[in-house]
Amino acid sequence: MNPWMLFFIWPVIKFLIAITIVLTIVAAMTWVERRTLGFMQARLGPNRVGPAGLFQIIADPIKLMLKEDILPASAEKVAYFLGPMIPLLPAFVVFCLIPYGPPPAFAVTRVNVGLLLIMALTSTAVYGIILGGWASNNKYSLMGGLRSAAQMVSYEVPFGLSVVGVLMLCGSFDLVKIVQYQERHVWNLLPQLVGAFIFFVSMNAESNRVPFDLPEAESELVAGYHTEYSGMKFAFFMLAEYASMLVNSCLMATLYLGGWTFSIAGYGLTTAALSKLGLLGGLIGAAIFFAKVMALMLVYVWFRATFPRFRFDQLMDLGWKWMIPLALGNIFVTGILVLAMPNLKIDAGIYPYGELLMAVVGAAIIALTLFLVTRGPRRPAAAARPTEPPKVIHASRVSEA
Amino acid sequence: MFDVHEMEVNFGPQHPSTHGVLRVILKIDGERIIEAKPVIGYLHRGTEKLFENMAYPQCVPHTDRLDYVASATNNLGYVEAVEKLLGITKQIPKRAQLIRVMLSELQRLSSHLLWLATHALDLGAMTPFFYTFREREEILDLFEAYCGARLTLNCMRIGGMPDDLPDGWLDDLEEFTAKFDPAIDEYAALLNTNRIWKRRTVGIGVISPEEAIDWGITGPPLRGSGVEWDLRRAQPYECYPELQFDIPIGKNGDTYDRYLVRMEEMRQANRILKQCIPMIKETPAGDIKAKISRVIRPPEGEVYHSIEAPKGELGYYIISDGKTQNAYRCRVRPPSFINLQALPAMAKGYLVSDLVALIGTLDVVLGEVDR
Chain A
1 MNPWMLFFIW
11 PVIKFLIAIT
21 IVLTIVAAMT
31 WVERRTLGFM
41 QARLGPNRVG
51 PAGLFQIIAD
61 PIKLMLKEDI
71 LPASAEKVAY
81 FLGPMIPLLP
91 AFVVFCLIPY
101 GPPPAFAVTR
111 VNVGLLLIMA
121 LTSTAVYGII
131 LGGWASNNKY
141 SLMGGLRSAA
151 QMVSYEVPFG
161 LSVVGVLMLC
171 GSFDLVKIVQ
181 YQERHVWNLL
191 PQLVGAFIFF
201 VSMNAESNRV
211 PFDLPEAESE
221 LVAGYHTEYS
231 GMKFAFFMLA
241 EYASMLVNSC
251 LMATLYLGGW
261 TFSIAGYGLT
271 TAALSKLGLL
281 GGLIGAAIFF
291 AKVMALMLVY
301 VWFRATFPRF
311 RFDQLMDLGW
321 KWMIPLALGN
331 IFVTGILVLA
341 MPNLKIDAGI
351 YPYGELLMAV
361 VGAAIIALTL
371 FLVTRGPRRP
381 AAAARPTEPP
391 KVIHASRVSE
401 A
Chain B
1 MFDVHEMEVN
11 FGPQHPSTHG
21 VLRVILKIDG
31 ERIIEAKPVI
41 GYLHRGTEKL
51 FENMAYPQCV
61 PHTDRLDYVA
71 SATNNLGYVE
81 AVEKLLGITK
91 QIPKRAQLIR
101 VMLSELQRLS
111 SHLLWLATHA
121 LDLGAMTPFF
131 YTFREREEIL
141 DLFEAYCGAR
151 LTLNCMRIGG
161 MPDDLPDGWL
171 DDLEEFTAKF
181 DPAIDEYAAL
191 LNTNRIWKRR
201 TVGIGVISPE
211 EAIDWGITGP
221 PLRGSGVEWD
231 LRRAQPYECY
241 PELQFDIPIG
251 KNGDTYDRYL
261 VRMEEMRQAN
271 RILKQCIPMI
281 KETPAGDIKA
291 KISRVIRPPE
301 GEVYHSIEAP
311 KGELGYYIIS
321 DGKTQNAYRC
331 RVRPPSFINL
341 QALPAMAKGY
351 LVSDLVALIG
361 TLDVVLGEVD
371 R
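So the sequence lines, in the order shown, correspond to chains A and B.
For the first sequence, my numbering begins at 1 and goes up steadily by one.
For the second sequence, my numbering begins at 1 and goes up steadily by one.
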């Protein structure tokens, strides 16, 4: 094939298709989220514009585009302008690296250090938030930006550590190889229960979603880092948030839920089986992939309807004192099991006994952790307040609950 | 280059979680509050001065606007104070007393539901808001069926009630009381054992019983600290002595205990409502007003009367000069105003995130604070 076709035209076409799908999902997600929340909260959600409120997807961006774009008089103009752009760019670039279906047709590019590159790119999104928060010259924005910086830096560590287990099992940074490993054995979710758990919690924190939405905490910081933003600049922040949700869900589906395949121990809809069907097989693969992604996105929404918000110090406590030791422990246990059971490394279609053993170990670790985490809250050592409980005058009738 | 950064932040008056126009000037070090100074008065309408220039019955609609989410109890406190001044408290017919009790307990439910909704929303839990508003809507429908208004009820008169209950109202109430207890269980299921909710409320904003009494705190914040003080029991009014209810009290005086106290109060209010229904069926229909003169001109003297409003002790102090149809002076003792003074001491040393929990747990309504 002509090298121009191979290395320029095809990738650009595939990128444009991918970006269109991604933007559609992101836009549709606003509607899906509001309808799902409505369903969970005994109300309807958007239902006025178009059938079942579907045109809300178009109405919202139109409204935002027509809104006045306010530039605060005391804002740092260049940084204020760059703030919303920076988180958007890496989010879109990352979509080029994720395989949506059987390669090579359904992946824009295939990079042998794909996972590393994705993690490097997504972690730059925080610059935009810090920059926007600082440039607004608003105290609430500044606090939102600072919270976001601390949160992202803290949760980047367990986020990165949690995938090490997957890398040790699959022996590659290449996302395609990780998926192909899973179709021969079993979804990584099973042997890497702990890792998947940490990954999921950290990806919630990375994309600033409930219960980790402290940077924008509307009841505390008004709107956090985007308090001063309006119109399309605000829309860019929201777009980046949803894009980051989507990136993280895609990554989780690829790393832990078998990507575009639906198979165990080499049986089922594997890459080879899909390839036999040609384009149709590819489309089926992509459909499986996006079904997994949407399921994960709905978990985000479910979380939003369920949880109150963490306090800042509690968030740090969870990240540093629980997530990181747990992730390190996961690496240790995975390492031992990988060394102890060499047949985990055999690519032939053997049944995943080793993985099942790891799943049992993982479930035990998670159960122990949940037990320890939920043992009961300790009183925070707040300064200048009496730490001992106040004297009880009457026996309680309620506090027993 | 720099040492400690202390930053001053204006928390309000336009802020999503200050429940109106409360402004708190915060001095913070990072996120930790060094000093919190509430600034009030943005909603001052001179209600007490207005009372001096209006005949006694004309003041009732103005009491609606004090604690605008609990107008029935505001009406009740005012009409009872005037009745006490006139010396006709004993003449109020049983039926009128029962309607008053039912309306004020419904109002307690509605006020506590709104508190739960906003308190949970402030701490980031979005769903309880919609669940509580589902029940609050039905309470407001009951109010509307009785007096035509949903929020500012103006539903009580000096000497009795304006109207008898409309047909079918008691059946609607019975239906509501039957399904309200499961509804409270639903809210409790979302929050009571929710680990994040507990981490955000347990041990936050501790008020010791001594401090609570010294500050003059009343209502659920006082009872949350473990002091069994409820004016419905301590200084009974209307037909409360005939009704059975428990006074829930907390143990630790923290935000979580105040939450549990209010939740239990809702259950007890529902229990009172259930008892009222058979009692009111025994009273003669239409007997809702004491026989008093149309022109209300109390004798010279002064009176202080207080009731247990949803937010605490709501008192009216009225001076009559005996010559005019107007009060010489009317002073309102609003529970929110007195409770709010604990905020600076409670907030000191906690984080900005806790401040919204503390404002929520004190349950202040600025209409009442500023009057």
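Source of the hints: derived by calculation from the structure; they are not laboratory data.
Since the structure is predicted, the reported quantities are computational estimates derived from the model, not experimental observations.
Heads up, some of the hints might be wrong.
DMTMM-like, lysine to aspartate or glutamate: derived pairs with alpha carbons at most 20 Å apart [as the list claims (entries may be wrong)]:
1. B:LYS94 with B:GLU48
2. B:LYS198 with A:ASP313
3. A:LYS321 with A:GLU76
4. B:LYS198 with A:ASP317
5. B:LYS94 with B:GLU186
6. A:LYS139 with B:GLU31
7. B:LYS348 with B:GLU6
8. A:LYS139 with B:GLU137
9. A:LYS139 with B:GLU8
10. B:LYS281 with B:GLU242
11. A:LYS139 with B:ASP29
12. B:LYS198 with B:ASP214
13. B:LYS348 with A:GLU156
14. B:LYS27 with A:ASP313
Evaluation of the provided hints:
1. B:LYS94 with B:GLU48: The given pair, whose Cα atoms are some 31 Å apart, is violated under the 20 Å limit.
2. B:LYS198 with A:ASP313: OK: B:LYS198 and A:ASP313 at ~15 Å, within 20 Å.
3. A:LYS321 with A:GLU76: 37 Å, violated
4. B:LYS198 with A:ASP317: This hinted pair holds, its Cα atoms lying about 15 Å apart.
5. B:LYS94 with B:GLU186: 35 Å, violated
6. A:LYS139 with B:GLU31: This hinted pair holds, its Cα atoms lying about 11 Å apart.
7. B:LYS348 with B:GLU6: 14 Å, holds
8. A:LYS139 with B:GLU137: 38 Å, violated
9. A:LYS139 with B:GLU8: 9 Å, holds
10. B:LYS281 with B:GLU242: 15 Å, holds
11. A:LYS139 with B:ASP29: 13 Å, holds
12. B:LYS198 with B:ASP214: 28 Å, violated
13. B:LYS348 with A:GLU156: At roughly 32 Å apart (the allowed maximum being 20 Å), A:GLU156 and B:LYS348 break the hint.
14. B:LYS27 with A:ASP313: Holds - the C-alpha atoms of A:ASP313 and B:LYS27 are around 19 Å apart, at most 20 Å.
The structure is inconsistent with the numbered hints 1, 3, 5, 8, 12, 13, although it conforms to all the rest.
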